[in-house]
Amino acid sequence: MISVSRIMAIAKKEVRQLRRDRLSFGMVVGLPVIQMLLFGYAINTDVRNLRTAVADQAQTHLSRQFIAALKQTQVVEIIESVDTVGQLDDLLRSGRISIGVLVPPDFDRRVGQRSRAAVQLLVDGSDPTILGVANQLRSMPFSFDVYPPTSSQWQFLEVRPFYNPERRSPVNIIPGLMGVILTMTMILFTAVALVRERERGNLELLINTPLSSTELMLGKVMPYIVIGMLQLALILAVGRLLFDVPVRGSIIELYLAATTFVAANLALGLLISTAAKTQFQAMQMMVFILLPSILLSGFMFPFDGMPSFARYIGEALPNTHFIRLTRGIMLREAKLAEMLPDLVFLIGFTLVAMGIAATRFTKRLD
Amino acid sequence: MSSAFAIEARGLSKDFGTLRAVNSLDLNVPRGQIYGFLGPNGSGKSTTIRMLCGLLTPTEGNAIVLDTPIPGNSKDLKPLIGYMTQRFSLFGDLTVLENLQFISEIYSYPSAQREKRIDELLHRYDLVEQQKQLAATMSGGQRQRLALACAVLHHPELLLLDEPTSAVDPQSRRDFWENLFRLASGGTTILVSTHYMDEAERCHRLAILDHGVKVADGTPQELQAATGMHIIEVSAADPYKAQTVIHELDEVASVTQLGIRLRVLIPERYSQATERVAAALAAQNIEADVQRGAATLEDVFVAVTLKPKGDLN
Numbered sequence: 026m027i028s029v030s031r032i033m034a035i036a037k038k039e040v041r042q043l044r045r046d047r048l049s050f051g052m053v054v055g056l057p058v059i060q061m062l063l064f065g066y067a068i069n070t071d072v073r074n075l076r077t078a079v080a081d082q083a084q085t086h087l088s089r090q091f092i093a094a095l096k097q098t099q100v101v102e103i104i105e106s107v108d109t110v111g112q113l114d115d116l117l118r119s120g121r122i123s124i125g126v127l128v129p130p131d132f133d134r135r136v137g138q139r140s141r142a143a144v145q146l147l148v149d150g151s152d153p154t155i156l157g158v159a160n161q162l163r164s165m166p167f168s169f170d171v172y173p174p175t176s177s178q179w180q181f182l183e184v185r186p187f188y189n190p191e192r193r194s195p196v197n198i199i200p201g202l203m204g205v206i207l208t209m210t211m212i213l214f215t216a217v218a219l220v221r222e223r224e225r226g227n228l229e230l231l232i233n234t235p236l237s238s239t240e241l242m243l244g245k246v247m248p249y250i251v252i253g254m255l256q257l258a259l260i261l262a263v264g265r266l267l268f269d270v271p272v273r274g275s276i277i278e279l280y281l282a283a284t285t286f287v288a289a290n291l292a293l294g295l296l297i298s299t300a301a302k303t304q305f306q307a308m309q310m311m312v313f314i315l316l317p318s319i320l321l322s323g324f325m326f327p328f329d330g331m332p333s334f335a336r337y338i339g340e341a342l343p344n345t346h347f348i349r350l351t352r353g354i355m356l357r358e359a360k361l362a363e364m365l366p367d368l369v370f371l372i373g374f375t376l377v378a379m380g381i382a383a384t385r386f387t388k389r390l391d
Numbered sequence: 008m009s010s011a012f013a014i015e016a017r018g019l020s021k022d023f024g025t026l027r028a029v030n031s032l033d034l035n036v037p038r039g040q041i042y043g044f045l046g047p048n049g050s051g052k053s054t055t056i057r058m059l060c061g062l063l064t065p066t067e068g069n070a071i072v073l074d075t076p077i078p079g080n081s082k083d084l085k086p087l088i089g090y091m092t093q094r095f096s097l098f099g100d101l102t103v104l105e106n107l108q109f110i111s112e113i114y115s116y117p118s119a120q121r122e123k124r125i126d127e128l129l130h131r132y133d134l135v136e137q138q139k140q141l142a143a144t145m146s147g148g149q150r151q152r153l154a155l156a157c158a159v160l161h162h163p164e165l166l167l168l169d170e171p172t173s174a175v176d177p178q179s180r181r182d183f184w185e186n187l188f189r190l191a192s193g194g195t196t197i198l199v200s201t202h203y204m205d206e207a208e209r210c211h212r213l214a215i216l217d218h219g220v221k222v223a224d225g226t227p228q229e230l231q232a233a234t235g236m237h238i239i240e241v242s243a244a245d246p247y248k249a250q251t252v253i254h255e256l257d258e259v260a261s262v263t264q265l266g267i268r269l270r271v272l273i274p275e276r277y278s279q280a281t282e283r284v285a286a287a288l289a290a291q292n293i294e295a296d297v298q299r300g301a302a303t304l305e306d307v308f309v310a311v312t313l314k315p316k317g318d319l320n
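Protein chains in written order, with our numbering: chain A, 26 to 391; chain B, 8 to 320.
The set of hints was computed from the structure by calculation and includes no laboratory data. Keep in mind the model is a prediction, meaning the values are calculated, not measured. Please note: incorrect hints may appear among the correct ones.
Said to hold, decoys possible - Example chain B residues on the side facing chain A (calculated, C-beta under 7 Å, incomplete):
hint, residue
1, Pro86
2, Leu87
3, Thr92
4, Arg94
5, Ser96
6, Phe109
7, Tyr116
8, Arg121
Each residue gets a CB set at the ideal place from its N, CA and C atoms; glycine is no exception.
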């Protein structure tokens, strides 16, 4: 016989326990709100303010009028003006811009003749969304005072997609996915590492030995750096064999970037481990890191398309910087030296997180 | 200059929120002896041990442990102390041998002698056959031997044992105490907490803790001689009925039933205690044999932890 009162007894007990478990209660309320915010703001295919540089080699009244009109669209945000195509290439490769606008010296003549494209857009094609936006620009009408506006009969803008001309999505996804996979596994390993020993009682033994906090932290992290490297090799191999994703830049630099990234995640995991009381709590905390690491890192949606506060959150996440590094090295053949700020961030993040974790973990029980 | 005492504590107290777990504890533990902490659960035994090894910071008071001041930098103390936690705290997913190797590395035991030392411990603590076994799959007694082997691996001067025998059978407990005596005779000071009377009786000295307060301190013999109680043994056909009658007497401090016998404690200030009990039983027509008994440690414990009678239950 099913007893309603017994079922109710279980239900009542469950509610009581849930109310005392602040973190679980927080998830009930917090997860829906955070997910709504993250998805709502991050999913924005109407991308605006793409970072753009202009090389205006014409320097005429008409070319300046065109650049002003381009700004007006708000699709691009011109952050730099340069002289040569080479400079545009450099900026694209280092990831500082997504679009380079080349206005050739004979711009006025081309506008008059209307036979050839008058402007070239050099686009970072590794992100299909950005490429799509650039293509939209092509269909926008531009008008010049003495000439009739551009029309569909005349290909005024020529889009030159770089780095992923075949527009295959794995090429864009896999470098980013590497970051997501490493975030997931590395944080998971270390987040439960200390908590598990506390739960099993091992910690009480360890803190009564001459072992120092720093020794414990470093010893915990070391094996996982190697495991992270193995994972990276596995992802690269599968990416290469099954999806034909290239590594155009230096594999050594890619590993260097990955080492700092793995270290940053392990340090973050340890930090979680010092805050969580149970393994379950550690997992819950991990979800709050993982969600934004997927949604706000530029992995799923172009970073430029997100509102500024979402970008600030994104900038604070190791994954955002790692994805920039991997896409740069793997797809755009960029050198690490060209992307130093992202590398410096990862190193700094590791040191700070590790320091806080070692300080928080005192060799005491009170 | 090194003190004659391994542990000297003065006014040691610890609060957890509003609860005072240990209250103004004074303690002198002579070197090379087995010193017992006897007390029920929650009497402050574990908290005291944790303060003495630097795991908890005392709210008040201080101690000198192996010439190191507490509270203070307990870092220098760690290599000198062996600590056995109440709960098995070695790694269940490592084998016996791996656990011992791990501990020897953590304590930086000279690597040339590591293998020899581990082999010695395996033999001494009867773990040779289990050395390849995962610690989690061993019996309570085997685990406890492993825990002791790990705690003494680095030749500590002071061994802190927090209810080491709470999860093992009587035979294992006896063997365990043999090992403790051997260690003590080798010069190791041992502080051991327990709630078993027979174990407390084997200590050189012991302190009885009750609600965080030390209520008695001395050798087992001293404590037994100074209970301040008449001990009366009553055998009755209906012990329950006899107990009810005896409990009614104002002068009776405590009545405990042991099978068909009753153990009655009456403060020494009352004279003719045996006669009073016999008379009370006779008045109710209860047939019983009333005799004086000798104090056991259990009687000491009951006497010193006694609450005013109205507070019972």
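Here is how each hint holds up against the structure:
no., hint, in the structure
1, Pro86, "holds (5 Å)"
2, Leu87, "violated (10 Å)"
3, Thr92, "holds (5 Å)"
4, Arg94, "holds (4 Å)"
5, Ser96, "holds (4 Å)"
6, Phe109, "violated (10 Å)"
7, Tyr116, "violated (11 Å)"
8, Arg121, "violated (15 Å)"
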